[in-house]
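If you want the building blocks of each chain, they are given just below.
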Amino acid sequence: MGGVSVDTGGKGGRKSVDSEINMIPMIDLLICCISFLLISAVWSHMSRMNADAQVPGPPNPEKELNPQPPDKMLHVEMRTDDKFTLIWKQGPTVVNSIDVPRHAVEIADGATTVIRYPDLATKINEEWKTNGSHRDSSDKKMDQAVLHTDNKTVFKEIVAVIDSIYTPKRDFGGASKQIPAFNVTFSVN
Amino acid sequence: MAIHEPGRRLLHHIPLKFVQKKVEGHGHRATSASLNLTSMIDFFMTIVVFLLASFSASGEIPIDKNVKLPKAENTLDMVEAPMVAVNGSQILVDGTAAGSTRAIEEAGRMQRIDELFNILKSKRELWKATQGGSGKSFPGVCVLQVDQGVTALVVKSVFQTAAFAGYPNVSFMVGQLPKHEH
Chain A
330 MGGVSVDTGG KGGRKSVDSE INMIPMIDLL ICCISFLLIS AVWSHMSRMN ADAQVPGPPN
390 PEKELNPQPP DKMLHVEMRT DDKFTLIWKQ GPTVVNSIDV PRHAVEIADG ATTVIRYPDL
450 ATKINEEWKT NGSHRDSSDK KMDQAVLHTD NKTVFKEIVA VIDSIYTPKR DFGGASKQIP
510 AFNVTFSVN
Chain B
340 MAIHEPGRRL LHHIPLKFVQ KKVEGHGHRA TSASLNLTSM IDFFMTIVVF LLASFSASGE
400 IPIDKNVKLP KAENTLDMVE APMVAVNGSQ ILVDGTAAGS TRAIEEAGRM QRIDELFNIL
460 KSKRELWKAT QGGSGKSFPG VCVLQVDQGV TALVVKSVFQ TAAFAGYPNV SFMVGQLPKH
520 EH
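Protein chains in written order, with our numbering: chain A, 330 to 518; chain B, 340 to 521.
It should be emphasised that the hints constitute simulated quantities derived from the structure, not laboratory data. Among the clues, some could well be false.
Far from chain B, some chain A residues (derived; all Cβ distances over 10 Å) [what the hints assert, rightly or not]:
(1) Lys-344
(2) Gln-397
(3) Asp-400
(4) Lys-418
(5) Thr-422
(6) Val-429
(7) His-432
(8) Thr-459
(9) Lys-469
(10) Ala-489
(11) Asp-492
Derived DMTMM-like pairs: lysine to aspartate or glutamate, alpha-carbon spacing no greater than 25 Å straight-line [claimed, not checked]:
(12) A/Lys-481 with B/Asp-453
(13) A/Lys-485 with B/Asp-381
(14) A/Lys-485 with A/Glu-456
(15) A/Lys-481 with A/Asp-411
(16) B/Lys-404 with A/Asp-438
(17) B/Lys-518 with A/Asp-381
(18) A/Lys-452 with A/Asp-465
(19) B/Lys-460 with A/Asp-381
(20) A/Lys-481 with A/Glu-406
(21) B/Lys-462 with B/Glu-419
(22) A/Lys-481 with B/Glu-419
(23) A/Lys-481 with B/Asp-403
(24) A/Lys-506 with B/Asp-416
(25) A/Lys-470 with A/Glu-456
(26) A/Lys-485 with B/Asp-433
(27) B/Lys-462 with A/Asp-381
Predicted, not measured: the structure shown is a model, and the values here were computed from it. Think of the CB as a built atom: it goes at the ideal place given N, C-alpha and C, for glycine as much as any other residue.
Generate coordinates for the entire structure from the input sequences, incorporating the hints supplied.
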């Protein structure tokens, strides 16, 4: 039988200290572990990108209403084929507007391609560092980005733009992981 | 005397001369092959450690076979929530048909998808009936598995319908791209 002998004495009527590790149950256990782990293994790891519909909650009659000035919001327009327009708005007032060339970088991914907009990501990162309202780690609110797109744009391009918007990261409370600086929502028109 | 000379050990206890002779390989090639247990156990151990390291207790998330998900870099971990799959022809909630994509595209305008709205609303009511008493507030999270070729009109219609049905925190399921430094 398969076993590993460890001999260390056992003379003179004393209890032998020889021990033999039985290899068969050990190999059986290992094979069972491998079978279970292979059956339950997850090979495709999926992730998610958050978006918020910005639905206000019901009014609380016990809370006193203090009218707050509206936060600055970043509006990202992707209606034309040649450029993106980044517009910072505070309520209806336009604070700043920048055009970014729509330069798509295609990355091969098997039979298909993944679209990236690195120029847009860099510009949004710079803009947030300059104009972002919620940059402190103790700030529980996040800056808001509104995505304006025409009805014909395919989802692959929308995800590439949302991915660029999520490029700037910030600390949040005592969390060990950084979180995206923006919260994205869609414009209905 | 416990340290033995290395050599063949298997089948030696069988009290038959011809078996022992065969095993020892006198004059012929031996029929018993020795197996190196040390390297085999090392190999098994490596596999077990690798599989344990990549083990996920949450299990695999079912993905509609007609949906090809886009990929992104800046993503978050998945959450447990109702799954809305949107492919080129139909909308499904946890595998149940909940509307037609083509009907929205043919209409050419953003609209509330009534079947999707009713299914999501009933899911929200079910959550409130089963877990509402525990003091937890409804998370309002749903996950959209949208095919990468679906148009923005359909995405916005599904997004708006989910918000109307009480799910304002919408997440888009994507594949993970390796991260680049910007």
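Structure-based check of each hint:
1. Lys-344: holds (15 Å)
2. Gln-397: holds (20 Å)
3. Asp-400: Non-interface label stands for A/Asp-400: nearest chain B Cβ at 18 Å, farther than 10 Å.
4. Lys-418: The claim stands: A/Lys-418 keeps its Cβ more than 10 Å from every Cβ of chain B (closest is about 20 Å).
5. Thr-422: Given a closest Cβ separation of 26 Å, the condition holds.
6. Val-429: holds (14 Å)
7. His-432: holds (15 Å)
8. Thr-459: holds (16 Å)
9. Lys-469: At roughly 16 Å from the nearest Cβ of chain B, A/Lys-469 sits farther out than 10 Å, so the non-interface label holds.
10. Ala-489: violated (8 Å)
11. Asp-492: It is violated; A/Asp-492 is separated from chain B by about 4 Å at its closest Cβ, not greater than 10 Å.
12. A/Lys-481 with B/Asp-453: holds (22 Å)
13. A/Lys-485 with B/Asp-381: It is violated: about 45 Å lies between the C-alpha atoms, which goes past 25 Å.
14. A/Lys-485 with A/Glu-456: Since the Cα atoms of A/Lys-485 and A/Glu-456 sit roughly 24 Å apart, the hinted pair holds (cutoff 25 Å).
15. A/Lys-481 with A/Asp-411: Roughly 15 Å between the alpha carbons, so the hint for A/Lys-481 and A/Asp-411 holds.
16. B/Lys-404 with A/Asp-438: Since the Cα atoms of B/Lys-404 and A/Asp-438 sit roughly 18 Å apart, the hinted pair holds (cutoff 25 Å).
17. B/Lys-518 with A/Asp-381: holds (24 Å)
18. A/Lys-452 with A/Asp-465: holds (20 Å)
19. B/Lys-460 with A/Asp-381: holds (18 Å)
20. A/Lys-481 with A/Glu-406: holds (14 Å)
21. B/Lys-462 with B/Glu-419: Distance of about 14 Å is within 25 Å: holds.
22. A/Lys-481 with B/Glu-419: violated (31 Å)
23. A/Lys-481 with B/Asp-403: holds (23 Å)
24. A/Lys-506 with B/Asp-416: holds (12 Å)
25. A/Lys-470 with A/Glu-456: Holds. A/Lys-470 to A/Glu-456 sits at ~18 Å (cutoff 25 Å).
26. A/Lys-485 with B/Asp-433: holds (22 Å)
27. B/Lys-462 with A/Asp-381: holds (19 Å)
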